[in-house]
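Participant: For reference, the chains in residue letters:
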Amino acid sequence: MRLGLKGRFVAFVMATTVAFGVVLTALAVRTQNDRLRHELVERGKLLTTVIAANATDAMALLEVRELRRVLAEVLDQENVLEAVAFDEDGRVYTDGTLENPSRHTPIGEAERRHTIASDALLVEFSGDVMTVTRPVWLGGRPLGGVRLRYSLAGLARDQAALARRTAMVGAIFTVLAVLAAALLTEAVTRPLKEVIRATRSLARGEAVPTLRVRTSDEVGELAAAFNEMTRRLRETTVSRDAVDRVLGTMGECLIVIGPDGTIDRVNKAVCKLSGLPEDKLVGRPCDELIGTPEGFRSLIDAVSSEGPVHGLETELLVKDGAAVPMLVSVAPMAQSSDRPQAFVVVASDLSERVRIESQKDEFVAMIHHEVRGPLTAVHGALGLLAGGVAGELGDRARGLVEIALRNSERMERLVDDLLAARKLDAGKMDFRMEDADLMPLVEQAIEATSPYGAKFEVLLVLDERVEGARIRVDPDRLIQVLTNVLSNAVRFSPAGETVTVSVTRREKNLRVSVVDRGPGIPEEFRDQVFEKFARAGPDDWRHQSGTGLGMSISRAIMEELGGDIFFESEMDVGTTFFVDLPEA
Amino acid sequence: MARLGLALLAAVLLAPGCQQTPNEPAPKEPARTSGATGVLSVGSVSLNPGREYQTFRPFADYLASRLGEVGIGNGRVVVADSLSKMVADLQRGSVDLFIDSPFPVAFVCDRAGSRPILRRWKRGSDVYHSVIFVRADSGIASADDFRGRIIAFGEPFSTTGYLLPKAALASSGLRLVNYEDPAATIQPDHVGYVFSNDAENTMFWVLKKKVAAGAVNADYFEALAGSRIEELRIIHRTEEVPRNVVCVRDGLDPELIRAVEEVLLAMDEDPQGRSVLSGFEQTARFDRFPGGSADQLGRVMELLAYVEEDLGR
Chain A
1 MRLGLKGRFV
11 AFVMATTVAF
21 GVVLTALAVR
31 TQNDRLRHEL
41 VERGKLLTTV
51 IAANATDAMA
61 LLEVRELRRV
71 LAEVLDQENV
81 LEAVAFDEDG
91 RVYTDGTLEN
101 PSRHTPIGEA
111 ERRHTIASDA
121 LLVEFSGDVM
131 TVTRPVWLGG
141 RPLGGVRLRY
151 SLAGLARDQA
161 ALARRTAMVG
171 AIFTVLAVLA
181 AALLTEAVTR
191 PLKEVIRATR
201 SLARGEAVPT
211 LRVRTSDEVG
221 ELAAAFNEMT
231 RRLRETTVSR
241 DAVDRVLGTM
251 GECLIVIGPD
261 GTIDRVNKAV
271 CKLSGLPEDK
281 LVGRPCDELI
291 GTPEGFRSLI
301 DAVSSEGPVH
311 GLETELLVKD
321 GAAVPMLVSV
331 APMAQSSDRP
341 QAFVVVASDL
351 SERVRIESQK
361 DEFVAMIHHE
371 VRGPLTAVHG
381 ALGLLAGGVA
391 GELGDRARGL
401 VEIALRNSER
411 MERLVDDLLA
421 ARKLDAGKMD
431 FRMEDADLMP
441 LVEQAIEATS
451 PYGAKFEVLL
461 VLDERVEGAR
471 IRVDPDRLIQ
481 VLTNVLSNAV
491 RFSPAGETVT
501 VSVTRREKNL
511 RVSVVDRGPG
521 IPEEFRDQVF
531 EKFARAGPDD
541 WRHQSGTGLG
551 MSISRAIMEE
561 LGGDIFFESE
571 MDVGTTFFVD
581 LPEA
Chain B
585 MARLGLALLA
595 AVLLAPGCQQ
605 TPNEPAPKEP
615 ARTSGATGVL
625 SVGSVSLNPG
635 REYQTFRPFA
645 DYLASRLGEV
655 GIGNGRVVVA
665 DSLSKMVADL
675 QRGSVDLFID
685 SPFPVAFVCD
695 RAGSRPILRR
705 WKRGSDVYHS
715 VIFVRADSGI
725 ASADDFRGRI
735 IAFGEPFSTT
745 GYLLPKAALA
755 SSGLRLVNYE
765 DPAATIQPDH
775 VGYVFSNDAE
785 NTMFWVLKKK
795 VAAGAVNADY
805 FEALAGSRIE
815 ELRIIHRTEE
825 VPRNVVCVRD
835 GLDPELIRAV
845 EEVLLAMDED
855 PQGRSVLSGF
865 EQTARFDRFP
875 GGSADQLGRV
885 MELLAYVEED
895 LGR
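Protein chains in written order, with our numbering: chain A, 1 to 584; chain B, 585 to 897.
Keep in mind the hints are simulated off the structure, nothing from the lab.
With a Cα cut of at most 16 Å, we get these calculated EDC-like pairs of lysine to aspartate or glutamate:
no. : chain 1 : residue 1 : chain 2 : residue 2
1   : A       : K45       : A       : E124
2   : A       : K272      : A       : D349
3   : B       : K793      : A       : D89
4   : B       : K792      : A       : D89
5   : B       : K794      : A       : E88
6   : A       : K428      : A       : E559
7   : B       : K793      : B       : D721
8   : A       : K272      : A       : D320
9   : A       : K272      : A       : E252
10  : A       : K423      : A       : E560
11  : B       : K706      : B       : D871
12  : B       : K793      : A       : E88
13  : A       : K319      : A       : D287
14  : B       : K792      : A       : E88
15  : B       : K792      : B       : E815
16  : A       : K268      : A       : E252
17  : A       : K268      : A       : D244
18  : B       : K794      : A       : D57
Just chain A, same shape as in the assembly (with noise of 0.2 Å):
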């Protein structure tokens, strides 16, 4: 059993007390002993004495009776155990009694000697038995002596009756010493009990109440000290709170990892994604909470290498052994100079979007088989009525003709546009990439706009060459941005105006631009401009001849070619569009 302060300081009280008590009694015992000892043989001397001063004349006087009177006197005295009175021959004259059966009895050689020689005290001792013997003189001649027989025994009584007591009165004083210890230690750790409560209120996160500081002393000291520590620590933990309830409330889970790998924390939205307590997470490897290839590894790899990393997509493993899709970003967390490195994932729940995507992906997919395959018929259909295929068409059927004709070919760009986006959304989009020489692709496209531009009498015209720049890129998806830029340039220009293409070198990359000389692009939907299905208004007709998805693939594609793509523009004055590539 482990003892607290209160029981060992009580319990080395007690034994202390009870040690001092046995030396004390002890010694006192002793004390007493010497001294009652002593007592007994000075009483018996002194009644011997007396018995003897008393039996002197009925000694002289041979008066027996009145010796007997006096030693029964004597008998009854306590620890007496026999009284003789005896003549100068050393035989008994009385015992005290009416019996009398010592009389004419011998008392011991020695003392009759004695008698004979002295009239001082002769005193002897056996076992428990002293034996004082007083001649009795007269005249100068031995008359006899009395003898008296004394029991120390009662001195035995005595020390052990004394024993007793001082027993009695050290118990009764180990009892009060051992309730006085109890009380000064209660005292004393009453304080440190409320300390230890408040601390470990403190450490379960409770409220902690100030300490009565009821004394100056090293208590009070301590009551005090715990109360600034308190108070200094809740405005720490004032902050805390705040930044432990925004990551409760936050939706991202967010997982801190020890430099070993294990989870050290994690935020309820991890708790209620995973569908475990935050007890059963702390401490497990963070591979089996975060489903990357390598586990910890990729997680130390992708932030060691690249710095703080996001948009990574990997998998949280949850209870039922299900996974969920997740978006995570991964951040090295300094510690103190002493303790390596921990890891800071935020981790966003893609199964939502990942829904989202499966059903758009099964649309689109739906549009390339239901629509575009009929779309190509019906175009290919009307391209031979146009052509003249299924005989000449009268004016009126030929003008219904081409309207449908260019209203399908319109459905097909939106359709591809649409499988288009899809596809780079989805990073499904094939890309063969090749070194190319820059300007003759910038021709093909140009050449391919061309007929474009003539519809809406808008001239192509390119300006500027770069003779012999090479990039490095899918030259299809290079002339569907240049055409799609191009197609924008001409739709926006002003009839009979020109589209000026320049082509030139900034450092290292090579740039495509295209200026047209339109309306330009209001500033409010400047930033719309790459989104998908942007729209400058309503109002321009020509707008909704266009899908609202180019420049928005057009970006996409940029990105994935490693260039870049963006636009100047001034109202009234016109825009330039710059299409940026790293030259090979």
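Chain A is already provided as a structure; the job is to place chain B on it using the hints.
Facilitator: Coordinates of chain B only, in the frame set by chain A:
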């Protein structure tokens, strides 16, 4: 309680002849037999009337309680401080029964006409006698050698310690003279005597040659001599006399006497009677005189003349 105390005190004070010392406790009210109103008075002589009263009281009560048939309803104890007063009480009829040693009884019979009726076995013995002894080396061969010497007797009222041996010596023609000092010079034709007042004193006085001879109850002699008995020689043994005697006053109703005798003779057969006897100086029983009272007390009556003066004091 106060009323009861007063009643007890009155009962004691009303008891004629009972001389209580102030320190004696108030005695219980005497037993009363229903219907009987007569009183039987039991007398004794003592210088310590309180103790004597306490000794005799249960005996008197028992006796009275058994005498209802003869009209006795109460027992009464009368303690006198001298035989002369007891004689007067007997003569007056205020004492009906007197119990004492043979010489006192002989004295009252002689003076008051009382009549001995029974023996009392006191302290377990029916009869006793005295021995007169000397040191074996004293040169005393017979009582005649006591002339000019001192003999030690016990107490003045003791039958075996004084009255009987003195009477025995005096009857043999010796003239006994009382001395105070054992060392006194004795006339050659006198036998001096002193009172040692204790048999043990007597023994040691002889052994230590303080006196030439001593007289003690024969029953105690050997015990007193103990291992030194060889140093002693018995010079004379007195006749045996009854240990204690019950006498009745002259003129007491014979029917009552007969009833008293019957009760006393049967007392040791009754558990209550035995209990009373045990506390009555260790009395074993009462019996009739073997051979009659005259035979037993005849010698005592003869010797009475030698000690009459001592008894009449």
